[in-house]
Amino acid sequence: MTDARQLSLEENFQGKIDREIKIEPKDWMPEKYRRTLIRQISQHAHSEIVGMLPEGNWITRAPSLRRKLGLLAKVQDEAGHGLYLYSACETLGVERDTLLDQLHTGKAKYSSIFNYPTTTWADIGAIGWLVDGAAIMNQVPICRCSFGPYARAMVRVCKEESFHQRQGFEILLTLSKGTDAQREMLQDAVNRWWLPSVMMFGPPDADSPNTAQSMKWKIKRFTNDDLRQKFVDVSVEQAKILGVTLPDPDLKWNEERGHYDFGEINWDEFWEVVKGNGPCNKQRLDARRKAHNEGAWVREAAMAYADKQEQREAAPFSKVA
Amino acid sequence: MSKKNWPLWEIFIRSKQGLNHKHVGSLHAVNSEMAIENARDVYTRRQEGVSIWVVESVHITASNPDASEELFEPATDKVYRHPTFYDLPDEVKHM
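Respectively, the protein sequence lines represent chains A and B.
Number 165 in the numbering used here belongs to position 165 of the first sequence; there are no gaps in the numbering.
Number 1045 in the numbering used here belongs to position 45 of the second sequence; there are no gaps in the numbering.
Simulated from the structure, these hints should not be mistaken for lab results.
Be aware that one or more of the hints could be misleading.
[Stated by the list, open to error] Derived pair list, reagent style PhoX-like, types lysine-lysine, alpha-carbon separation capped at 25 angstroms:
1) Lys-1093/B to Lys-22/A
2) Lys-1022/B to Lys-159/A
3) Lys-159/A to Lys-1016/B
4) Lys-109/A to Lys-275/A
5) Lys-282/A to Lys-109/A
6) Lys-282/A to Lys-107/A
7) Lys-32/A to Lys-216/A
8) Lys-16/A to Lys-109/A
9) Lys-26/A to Lys-1022/B
10) Lys-159/A to Lys-230/A
11) Lys-16/A to Lys-26/A
12) Lys-159/A to Lys-32/A
Please model the complete structure; the sequences and the hints are all you need to start from.
Have a look at this one:
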C-alpha cells in the first residue's frame, strides 16, 4: 500500500471518529486501533470473569436467602458480562482460545482490584458499593466509544450493573443499622476497599501515556483523573448515609473547585499488584487455570456428542462407532 | 469438529411479539440446541426475549464496507421515490 493511500485511509478513519460515526468490525481501521481495542476489551472481559471469584467466595455463606439470591444473580451477571465482551473482542479477528491463553499464562492483565481477598461478608457489600460504583463510572462513557460492538456491549452491561451497586449498598446499610460488631465489620471493609477502588481509575493523567491516543480515537471519553474525582465526590455523600468514615484524613470539600480534595495516592501498592505481587494474584490465576483444565472433558464431550448427533442425522441407518 | 473452540454463533432476539429479531452478539456452542440455551442464559436473563434465532457465524455473508459506495449508489439519485418530490395543492386532503 502506498504511503499516500495509507494516509488517506487514516484521515478518513479519523474523520469518522471526529464526526461520531461508529466504527464496525469489518471497517478499515489502523492496526494500532485494532490491537488497542483487542487488548482493552479482552482485559475488560478477563476482569469480569476473574471478578466472579472474590464474590463467589461468599455464596455459600450469605447470611440470608435474599442475600444469596442477590449474590448468585450478580456473579452470574459478571459471567454474562465477560461473555458480551469476549464476543465484542472476537469481532476484531481474535479467537477465544487465544484470549484465554493470554489470561492463563499471565500475558494479559485484568483489573487489579480483584487481587484482593474478601475476608468478611461486609466485603461483599463494599465491592458492590465501591468497586461496582467505580466500574459504572468508567463504563457509562464507554457506551459512547467509537467501536460499535464495544459500545453496545457496554450499554447492556451498564443496565445490569446498577442492581449490583444497589445490592452492595443495601448490604452495607443493613450492617450500618445492626450490632456494634456489624458496624465494625462495615467500617473495616470500607477501610480496606476504599483506596483500591479509587485506584481502579488508573494512574494519574500525567503518568498515563496511552490516554491521549485513546481519547483521540474516542475509546476513552474522560481522563482517569476526571473520573476519579467524580467517583470521590459521589462516594463521600453516600458514605455519610452509611455513617462510615472514608480512610483518607485529607478528604475535604473545596468550595473554590466545587469538588472534594483527597489525599495524595501512593501508587507503589498499585504497581506491585499489577506486577503480580498482590495478595491474591496467584490464587486467582490458579483458580482460572484449574477451572479451564478440569472443564476440558466437558468441552470435548459436548463436541463429541454434537458430532455423533450430526453423523446420526446424516446417515440414520449406518452404524455409528 | 476437533478444533480448540466450539463454533461461533450469531444471536438474534425478538424482544416482544410484533417486533423483529435484532442481533445482540455472539457466543460459542457445539450445536444449535446448545446455542439456543446458551443464548437464553446470556442474552435473556431479564426477560429480554420471546424468541431466539441462532445462526452459525460462517453462514452470514456481509456486504463489504469498502464497497458500500458502489453498492448503495443506485438510490442516491432517485429522489422521486420520496413523497416530497410530488407537488400537490393544499386542498388535497389525506395524501
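Here is what the structure says about each hint:
1. Lys-1093/B to Lys-22/A: Between Lys-1093/B and Lys-22/A the Cα gap is close to 41 angstroms, so the pair fails against 25 angstroms, i.e. violated.
2. Lys-1022/B to Lys-159/A: 18 angstroms, holds
3. Lys-159/A to Lys-1016/B: Holds, because 19 angstroms separates the two Cα atoms, which is no more than 25 angstroms.
4. Lys-109/A to Lys-275/A: 9 angstroms, holds
5. Lys-282/A to Lys-109/A: 13 angstroms, holds
6. Lys-282/A to Lys-107/A: It holds: about 14 angstroms lies between the C-alpha atoms, which stays within 25 angstroms.
7. Lys-32/A to Lys-216/A: 13 angstroms, holds
8. Lys-16/A to Lys-109/A: 30 angstroms, violated
9. Lys-26/A to Lys-1022/B: 19 angstroms, holds
10. Lys-159/A to Lys-230/A: 20 angstroms, holds
11. Lys-16/A to Lys-26/A: OK: Lys-16/A and Lys-26/A at ~14 angstroms, within 25 angstroms.
12. Lys-159/A to Lys-32/A: The hint is violated at about 30 angstroms.
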